[in-house]
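Undergrad: Using the sequences and the accompanying hints, generate a full structural model.
There are 2 protein chains.
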Amino acid sequence: MISEKMKQMIGSSSAIRAMFEEGKRLAAERGADKVYDFSLGNPNIAPPAQVTEAAEKELRECKGVFLHGYMSNAGYEDVREKIASSLNARFGMNYGKDGIVMTVGAAGGLNVVLKALLDPGDEVAVISPYFGEYRCYVSNFGGKLVEAAADKDFMPDPAAIEKALSPKTRALIINTPNNPTGAVYGESALKAIARVLEEAQSKYGSPIYLISDEPYRELVYGGVTQPYVAGYYRNTLSCYSFSKSLSLAGERIGYIAVSPDADGYDELCSACSVATRILGFVNAPSLMQRVAADCIDVPPDIAFYDSNRVAFEKALDDAGLEYVKPQGAFYLFVKAPDGDDLLFCQRAKDKGILIVPSSSFGVKGYARAAYCVSPERISSSAAAFAELAEEYGIKKRAGVDKTHKGE
Amino acid sequence: MISEKMKQMIGSSSAIRAMFEEGKRLAAERGADKVYDFSLGNPNIAPPAQVTEAAEKELRECKGVFLHGYMSNAGYEDVREKIASSLNARFGMNYGKDGIVMTVGAAGGLNVVLKALLDPGDEVAVISPYFGEYRCYVSNFGGKLVEAAADKDFMPDPAAIEKALSPKTRALIINTPNNPTGAVYGESALKAIARVLEEAQSKYGSPIYLISDEPYRELVYGGVTQPYVAGYYRNTLSCYSFSKSLSLAGERIGYIAVSPDADGYDELCSACSVATRILGFVNAPSLMQRVAADCIDVPPDIAFYDSNRVAFEKALDDAGLEYVKPQGAFYLFVKAPDGDDLLFCQRAKDKGILIVPSSSFGVKGYARAAYCVSPERISSSAAAFAELAEEYGIKKRAGVDKTHKGE
Numbered sequence: 001m002i003s004e005k006m007k008q009m010i011g012s013s014s015a016i017r018a019m020f021e022e023g024k025r026l027a028a029e030r031g032a033d034k035v036y037d038f039s040l041g042n043p044n045i046a047p048p049a050q051v052t053e054a055a056e057k058e059l060r061e062c063k064g065v066f067l068h069g070y071m072s073n074a075g076y077e078d079v080r081e082k083i084a085s086s087l088n089a090r091f092g093m094n095y096g097k098d099g100i101v102m103t104v105g106a107a108g109g110l111n112v113v114l115k116a117l118l119d120p121g122d123e124v125a126v127i128s129p130y131f132g133e134y135r136c137y138v139s140n141f142g143g144k145l146v147e148a149a150a151d152k153d154f155m156p157d158p159a160a161i162e163k164a165l166s167p168k169t170r171a172l173i174i175n176t177p178n179n180p181t182g183a184v185y186g187e188s189a190l191k192a193i194a195r196v197l198e199e200a201q202s203k204y205g206s207p208i209y210l211i212s213d214e215p216y217r218e219l220v221y222g223g224v225t226q227p228y229v230a231g232y233y234r235n236t237l238s239c240y241s242f243s244k245s246l247s248l249a250g251e252r253i254g255y256i257a258v259s260p261d262a263d264g265y266d267e268l269c270s271a272c273s274v275a276t277r278i279l280g281f282v283n284a285p286s287l288m289q290r291v292a293a294d295c296i297d298v299p300p301d302i303a304f305y306d307s308n309r310v311a312f313e314k315a316l317d318d319a320g321l322e323y324v325k326p327q328g329a330f331y332l333f334v335k336a337p338d339g340d341d342l343l344f345c346q347r348a349k350d351k352g353i354l355i356v357p358s359s360s361f362g363v364k365g366y367a368r369a370a371y372c373v374s375p376e377r378i379s380s381s382a383a384a385f386a387e388l389a390e391e392y393g394i395k396k397r398a399g400v401d402k403t404h405k406g407e
Numbered sequence: 408m409i410s411e412k413m414k415q416m417i418g419s420s421s422a423i424r425a426m427f428e429e430g431k432r433l434a435a436e437r438g439a440d441k442v443y444d445f446s447l448g449n450p451n452i453a454p455p456a457q458v459t460e461a462a463e464k465e466l467r468e469c470k471g472v473f474l475h476g477y478m479s480n481a482g483y484e485d486v487r488e489k490i491a492s493s494l495n496a497r498f499g500m501n502y503g504k505d506g507i508v509m510t511v512g513a514a515g516g517l518n519v520v521l522k523a524l525l526d527p528g529d530e531v532a533v534i535s536p537y538f539g540e541y542r543c544y545v546s547n548f549g550g551k552l553v554e555a556a557a558d559k560d561f562m563p564d565p566a567a568i569e570k571a572l573s574p575k576t577r578a579l580i581i582n583t584p585n586n587p588t589g590a591v592y593g594e595s596a597l598k599a600i601a602r603v604l605e606e607a608q609s610k611y612g613s614p615i616y617l618i619s620d621e622p623y624r625e626l627v628y629g630g631v632t633q634p635y636v637a638g639y640y641r642n643t644l645s646c647y648s649f650s651k652s653l654s655l656a657g658e659r660i661g662y663i664a665v666s667p668d669a670d671g672y673d674e675l676c677s678a679c680s681v682a683t684r685i686l687g688f689v690n691a692p693s694l695m696q697r698v699a700a701d702c703i704d705v706p707p708d709i710a711f712y713d714s715n716r717v718a719f720e721k722a723l724d725d726a727g728l729e730y731v732k733p734q735g736a737f738y739l740f741v742k743a744p745d746g747d748d749l750l751f752c753q754r755a756k757d758k759g760i761l762i763v764p765s766s767s768f769g770v771k772g773y774a775r776a777a778y779c780v781s782p783e784r785i786s787s788s789a790a791a792f793a794e795l796a797e798e799y800g801i802k803k804r805a806g807v808d809k810t811h812k813g814e
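These protein sequences, in sequence, are chains A and B.
Numbering of the first sequence is given in the numbering used here, commencing with residue 1 and proceeding in unit increments.
Numbering of the second sequence is given in the numbering used here, commencing with residue 408 and proceeding in unit increments.
Treat the hints as calculated values from the structure; they're not laboratory data.
Heads up, a few of these hints could be off.
To be verified - Quick list of the computed label-pair ranges, beta carbon to beta carbon:
id, chain 1, residue 1, chain 2, residue 2, range
1, B, Glu460, A, Arg30, 37 to 43 Å
2, A, Glu56, B, Asp747, 50 to 56 Å
3, A, Gly31, B, Lys575, 37 to 43 Å
4, B, Gly503, A, Asn94, 52 to 58 Å
Stated by the list, open to error - Here are the simulated DSBU-like cross-link-like pairs (lysine-lysine), alpha carbons at most 35 Å apart as the crow flies:
id, chain 1, residue 1, chain 2, residue 2
5, A, Lys7, B, Lys504
6, A, Lys168, B, Lys470
7, B, Lys489, A, Lys63
8, A, Lys163, B, Lys412
9, B, Lys721, A, Lys7
10, B, Lys470, A, Lys82
11, B, Lys412, A, Lys97
12, B, Lys575, A, Lys82
13, B, Lys412, A, Lys203
14, B, Lys470, A, Lys57
15, A, Lys144, B, Lys551
16, A, Lys34, B, Lys414
Where is the CB? At the ideal position from N, CA and C, for every residue including glycine.
TA: The structure is reproduced here in structure tokens:
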């Protein structure tokens, strides 16, 4: 009944979404307080008050025909102007409004950019581990995903990237702060990526675009800063989303910023606008375009995520589980004690803990836990994590007495 | 820089959108009062008051984390439940909530359905003239569009449809009330379509789905009624949008309804949900899902469009231009006096009238005018239409004295 392609897609469907659905099922079965769902990057803080105020103001002051009607496929002109100005002021860029194309979140933006760039058989490099959906997005346009493994600290490995590039490479996708590891690529990493791409461009004689997937751009902790990716490489297409910074994940609002000096700038801008139409997005949701622009410089609630991060690190430390210390985003990459991530996540689920095996991010041996949850979920899960560690023969390290879980 | 595929797409880009952009340019150049833009199906009436009230209520009463966050890819469960109930009550159907998948408008819904159904090389039949974007949507998934010409009254021609079907046909797309002709397929037309499809299904031994693109479902005039398409054929996938009925075109909100007795129902529902995710929609915009459900039974302002239709018909009658008398939607299909639709639209543009050549809808000899505009635009355009007709040697018929345009 459905296509062969789709049958395979359903078979290998998103482990994240499967876990999210499983969480809802388990909560209904066991009680919500016995399920610790860390599966989905769904912010657990409400949008800042300014978002609601902006939405109410737009509904009150803006004519309905304008507020809820079609505009150019790339978005409202004043919205794109505001976004360009904000990026220019914050990051010393020189974006024009034509370089900003409003999108249905970063996922929409990535699909638009890939539609604009890819002919069947073209290659797109990614640094593994990577957000598993990239595989689907690249496949949507007949492209081939080529993996370049990160180094042992989950930072980009220039030699591995170089090896992953070929005359068929149209783009490299990077994602910093990173999903699933929480790694943040600093200046030297970005310079190294730029150098490798520039060398490959001259070697192969055609542009290789850097697609920067940056929904977590503002989410960095402990004094770490995220340099602005497009500042380091001319041929950058930045895909941003307000999903995390303004807690608008369900509203599907973001944008593509085409770097002003990118090769084929005019053609790229047109192609992104046409792709937005052709793929059936037509335009990013209108009210939320305006709300996002109204709130363009409202900072995210970093303190909330940072305090979650500290609490979650403590819970894992206490349990004796190893993990990659996150610098940004809101994910923790926990090591499967015996290296089997699928079994680890299965055993975790038996304890009511929902985390996602790293196999769905292109590497083995880890599980991703999203800590954009309520602080209570973290504190109440500590005992379950300790029990899970104990099953692997790991002794408690401190603080938690597993025989007296406060009962 | 951009892909070969995209270069072709930009070259043959939507004439509708090109005309819309041209309209904005001309308005800036000549003054908005000298441009009569009938290019785009963008409702010119604000959403009903209930829409704003519902949005304000949701913002006030619904927790931000729930209202603006992720939900299942197919949409909020209570929203899908409400939509299923409403369809069941109005059309005597038996939809379950699993059969409703919330989409980014009907354009998003069509892409989702086609992604679910098509492998490269599969065929999709359409009745020409047809909404030109179908060609892009089918091409997105490597499908092949096959045209079945409508009869001389722009109604489905069973023999032509039969000829367009093959063992490779996965679906027939229909659109009633029709864009661009305004034709409405009544009971006998729908029965004839169902018969042809059923015969082809048994002949070829595999399901052929009827994709019913129905954003204009409620927009019918002059005592005409639109029977509910899915009531006539088991294997129907209905793609609805609130763009026109609630004037929410820019918000991108609609749904797919999978008929409960469709072959492979469970698989189809899953595939639509997975396709929503994979294509980068992720889910339909969250606030607008809730608003649409809150307003599910709010009727559109038919009287506005109907009075526009009457005024527009009169303007064309007075000018002496021939057209297809519309029964529904908000389009008028005007005959190019000498059969050259491209030249007709070019000449119209010289008079400040923006209409879209029928070539972009797969037939020659007509132009589409969207009358979802302000009544003033229709009345003020009458003289320009009369002048246009005169250029073709058509004498005024009544009412309008072209030498005295009220100056």
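Undergrad: Hint by hint, say whether it matches the structure.
TA: Results for each hint:
1. B/Glu460 / A/Arg30: 37 to 43 Å: At roughly 39 Å between Cβ atoms, A/Arg30 and B/Glu460 fall inside 37 to 43 Å, so the hint holds.
2. A/Glu56 / B/Asp747: 50 to 56 Å: holds, 51 Å
3. A/Gly31 / B/Lys575: 37 to 43 Å: violated, 51 Å
4. B/Gly503 / A/Asn94: 52 to 58 Å: holds, 53 Å
5. A/Lys7 / B/Lys504: holds, 22 Å
6. A/Lys168 / B/Lys470: violated, 48 Å
7. B/Lys489 / A/Lys63: Since the Cα atoms of B/Lys489 and A/Lys63 sit roughly 28 Å apart, the hinted pair holds (cutoff 35 Å).
8. A/Lys163 / B/Lys412: OK: A/Lys163 and B/Lys412 at ~27 Å, within 35 Å.
9. B/Lys721 / A/Lys7: Given pair B/Lys721, A/Lys7 is violated - Cα atoms ~53 Å apart, limit 35 Å.
10. B/Lys470 / A/Lys82: holds, 28 Å
11. B/Lys412 / A/Lys97: Holds: B/Lys412 and A/Lys97 sit about 25 Å apart, inside 35 Å.
12. B/Lys575 / A/Lys82: Violated, at about 49 Å.
13. B/Lys412 / A/Lys203: Within the cut-off at roughly 25 Å; holds.
14. B/Lys470 / A/Lys57: holds, 18 Å
15. A/Lys144 / B/Lys551: holds, 23 Å
16. A/Lys34 / B/Lys414: violated, 54 Å
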